[in-house]
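Visitor: Protein chains in written order, with the numbering used here: chain E, 1 to 806; chain G, 1 to 166.
If you're looking for bench data, these hints aren't it; they were derived computationally from the structure. Glycine included, each C-beta is placed from N, C-alpha and C at the ideal position. Please note that a few of the clues may not be correct.
What the hints assert, rightly or not - Under 8 Å between C-beta atoms, here's a sample of chain G residues computed to sit facing chain E:
#1 V10
#2 G12
#3 E16
#4 G37
#5 C47
#6 E78
#7 C139
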Amino acid sequence: MNDMTPTREQREAKLEGMGCKRKRVEDIRFTQGKGSYVDDLKLPGMLHGDFVRSPHAHARVKKIDDTEALKVPGVLAVITAETLKTVNLAWMPTLAGDVQMVLADGKVLFQNQEVAFVVATDRYAADDGINKVVVEYEPLPVVIDPFKAMDADAPVLREDLAGKTTGAHGPRKHHNHVFEWTVGDKDLTDAAFRKAEVTIKEMISYHRTHPSPLETCQCVCSFDKIRGELSIWGTFQAPHVIRTVVALIAKIPEHKIHVISPDIGGGFGNKVGAYPGYICAAVASIVTGKPVKWVEDRIENLTATSFARDYHMTTEIASTKEGKVTGLRVHVLADHGAFDACADPSKWPAGFFNIVTGSYDFPTAHLSVDGIYTNKAPGGVAYRCSFRVTEAAYCIERAMDILAQKLGMDPAELRLKNFIKAEQFPYHSALGWEYDSGDYHTAMRKMMESVDYAGLRREQAAQRAAFKRGETREIMGLGVSFFTEIVGAGPSKNCDILGIAMFDSCEIRMHPTGAGIARVGSKSQGQGHETTWAQIIATEIGIPADDIMVEEGNTDTAPYGLGTYGSRSTPVAGAAIAMAARKIRAKAQMIAAYKLEVHEDDLEWDIDGFRVKGLPEKTMSMKDICWAAYNSVPPGMEPGLEAVSYYDPPNMTYPFGAYICVMNIDVDTGVYKVRRFYALDDCGTRINPMIIEGQVHGGLTEAFAIAMGQEIRYDDEGNVVTGSFMDFFMPTAVETPHWETDFTVTPSPHHPIGAKGVGESPNVGGVPAFSNAVNDAFSFLGSTHIQMPHDYWRNWKAAKNLGVFA
Amino acid sequence: MAKTHITMKVNGAEVEGLAEPRTLLVHFIRENLSLTGTHIGCETTHCGACTIDIDGMSVKSCTMFAVQAEGSDITTIEGMASADGSLSALQEGFRMMHGLQCGFCTPGMILRAHRLLQENPSPSEEEIRMGISGNICRCTGYQNIVRAIQYAAAKINGVEFREAAE
C-alpha cells in the first residue's frame, strides 16, 4: 500500500452515504430560482381556468347565466355541472368512498364551493369572466356546529344520499351521518371503568386547521386529440394514484395518461387528494383542444381544498389510585364537512386514530368514531402527520396530563409509570397495532435530564408561590409530551388506496462508467429525496451519492408508487431503494467473482467494492464492476446492471419522542413566551442528520402554529372568518421559538436499514407539548382543560374565567 | 384592455414590454420576462415569496403594478449569482446551513436577506428575525434561515462564521 491509497475513512467519506450530513443537491437550483414548479410551466396556446365560487354555505342553485361572461374578451367557455354531466363527471369519487360534486349540482354545501369554471386566454380575462357569471341562489339553513348536525330536525345536507342507510363504512344513523367506526373490546373496557378507583373524562377538541403549503394546489392539463393522450402537470404528492383515478373516472386508458409532478412547493397533506380544479382543467382541455392551467389562490386554498383535524374527542381514562392506567374509552365526533374526502387508506375511515392508546400499556380500550356532515369544506387530510395520528396523540397526551392532575402526580412520573417497557416489544396494543420497537423510558429520562426537569418544576413552584403573593403576574407551564407515531402505510394486508396496495418502489440503473439513476415511486415536496435516496444507495452499493441521480414524479418513467405523505417515504420507498440496491450488489458480486476468478462465496463486501476473503489486496471496485457488467459478464448472465424492487412492508414503523415546552404566560394580556422547547426524536436509523433536524424544526413550527392560533373558523352563517394570511395564523421568524433537538436510535427491526420516518413526528408530538404547557400553567388556578388554539385572547379569557382579575 | 409600453432594468439588462394597467409586477416578471424564480404564495402581501429588489428596496411584487415599475432598477433571484455563475454568499449560506426545503419561499427570502445585509451588514439574530418577518417559510422553522444569513454576513465581512451555542 503506498501513500496515495485512500484510507478506509476516506473511502467511506467519499461515498457520502447514510449517516452523513450531506448538503442537498436540490439547493443548487432552488437557491438560484431555477426550480421548476407547476405555475412556471408555459405551453403554447395555454389557457387559464378559474372558478366561480359560492358566497353561501348552503343554498339551492336556481340558475347559472353565463351569457354576459361569454361576451368578455378572452373568455372561451364556461363549464358548469350540466357540461360535466355530458361526460359523466359532475361528481367524482373521493378517496374515502364518498362522492363529491366537481361543480355545484343543484345546490352548494359550503362557502366557496366550486360553481362554474371559466376558461379564458389569460388569468385576468378569466377573472373578468367570473365577475360576469350570474348565479341565482336560494339560501338554505346552515349547519356549522358539529354537535347539532345529528339533531333530529337538523337540515338535510346531502340530498343525494336520501334513503341511503348504508355508506362506504357501514350503517348511517342519521341523514347527516357519514359512518361509525368502532375498535376494541367494549365490555372489557366498560368493566375496567366500573372497577376503576379513579377516572377522568374530558371533551378534548382538536380544532379545524389547514396545511397551507406556500405553493397552492395547481395543474396544467393538455389533451392531445390526435393521440388521445392526456398530460397533467400538477402539485401531486401521489402522481401515480392521480393517474389511476383519472383513468377510472375519465375513462381514458391509463397508458395514455401522463402525470408529472415537478418541483412541489410544500405539501403537508394538502396535495394528496383529487380536487375539482384538476377535473375541470382536464375537461376544459378536452373541450377546447388547448392546454389549460388552473392555479388556486390563497383564499381558495384555505377555504376549499383540504382542511385538517376538526375532531372532538370525549376521552375517559380509568386508573388505580397509584396511577396505573386500566382502561381507555374515547368517542370522537369527526366533522368531515360537506363531503367525506379524507385522504386515508380506504379501509380506515378515521385513519390510524386507534393509535390513541399512545405510548402506554392500556390493558383494554374502546374507541368509537362518528363521522358527520356539516356545511364546511371537505377534506380531512393528514396535515404533517400520519392519518389522524396527531389527533390521537393530542387526545392521549392531554388526557394523561388531566389524569396526573387529578391524581396529584407529576405528569412525567405518570408517563414513566405507564410506558410500554422496552422488553415488551413487539407490543400488541389494545386497539390492534403491533408496535415494532421502542425504548420509551430511556428517551423520557434523557429528555428530563437534558432540561433539568426537576429544577424546572422547582422553579415553577417558586413562580406559583410568587404569583399567589402578588409579586408577579406571570405564570409558568411545563408541557410534557411523549408520542408514538405510526407511519409507513402500509402493509398490503391492511392498507390500500382504491384497492391498490400501499407498497412503494424503486428502479436503479447503473451506467457503464459507474454512475447511475434511481427512479422512485415517492415524490419529494421539500424533504430532500434527491439527496437522501442517493445516500442509501451509496452505502448499499459503494457508489458515491454524487454519482447517483434520483428522479421522482414522472409516471411514465418512475415505477408505480403510492407517493409521499404520512411519513411513508423512508419506511416504504426507502426500503424499496435498499432492496433494489441489494439486488444490484448481488449481481455485482457474481460479476466480481467471475472477474477475480473465485467463488462468489469467497468474496466479502468492503465499503465500495468486493475483496477476496483473506486476500485484501485482491479487490474489484463497484465502479469497475459497472463497466464489466456491460462487456464481460459470466457466461449465461444477461448483461447490464439494473434492478427494480416493489416493497410491501411487513408492518408499520413506530417512531417516538419525548418533547418538553417551557412557557410563561402574562395573565393580564394573555401574551405567552416560549422560553424553551426541547425535542428528542427516535426515528430509528438516521440517514441524513441535517435533513432530520430540518424536518423537526419545520414540524415543530407547524405544531406551534396550530396549538397557538392557527385555525379555520366559521361564523354561524358558514362564512370562513380566517380565510387569508391576514387572519390565519402563520408564524414568522419573530414569533417562532428557538428549537433544541436531540435523539436516541432504536432501529426498526423489520426495515431493511432500520429507518422509521421522521417528517411528521414533530407535529404529532409538538401540538400536545404546547397545549400541555398552557394547561399546566393554568392548572394551579383550578383549570382542568382549556381548548386549543391558545392565542393571546383565549389565554386572557382563560385567566379571566379563572378569576385572576377578581 | 389597452396596454402600456414599459421599460425597466432587470438584473442589469434593459427590458421592455406591454402591460395592462392592472397587470401585477409579479405576473409581468414571471410571464412576460419568463423569470419564474419569483414566486406567488398569497396575493395579499403576507407571504413574501414574490419579494424582489427595486431601486434599493425590498418590494413584494404582487402588490405593485407593472406600470409602476417604469424606469426602475430591479434585481430578482436570477440576478443573484455571481457573474462567473458561482453562488453568492447568501445562496451558499442557504445551502450550507440547510436554510431551505421545498425552495418556494427561498428566492424571496434570499432577496430580502440581500437587502437586509445592505442595510445592516452585521445583524444580530433578533435583527435578522425582525428583518425577514415579512417572509413566510412553511418548511424550515426559520432557525436555519437565520444561520444561513449569519453565514453569509460572516463571509461578506471576511470573518469566521461562528455558530451560537444551543
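Visitor: Now look at each hint and say whether the structure bears it out.
Guide: Results for each hint:
Interface hint status for V10/G: violated, as the beta-carbon distance to the closest one in chain E is roughly 13 Å, over 8 Å. Interface restraint check for G12/G: the shortest CB-CB distance to chain E comes to about 15 Å, outside 8 Å, so the restraint is violated. Checking E16/G against chain E: minimum C-beta separation of about 19 Å lies over 8 Å; hint violated. A least Cβ separation of about 2 Å between G37/G and chain E falls short of the 8 Å threshold, and the interface hint therefore holds.
Here the hint on C47/G is kept, as its CB sits about 6 Å from the closest CB of chain E, short of 8 Å. Given the 8 Å rule on beta carbons, the hint for E78/G holds: about 5 Å separates it from the nearest Cβ of chain E. Checking C139/G against chain E: minimum C-beta separation of about 5 Å stays under 8 Å; hint holds.
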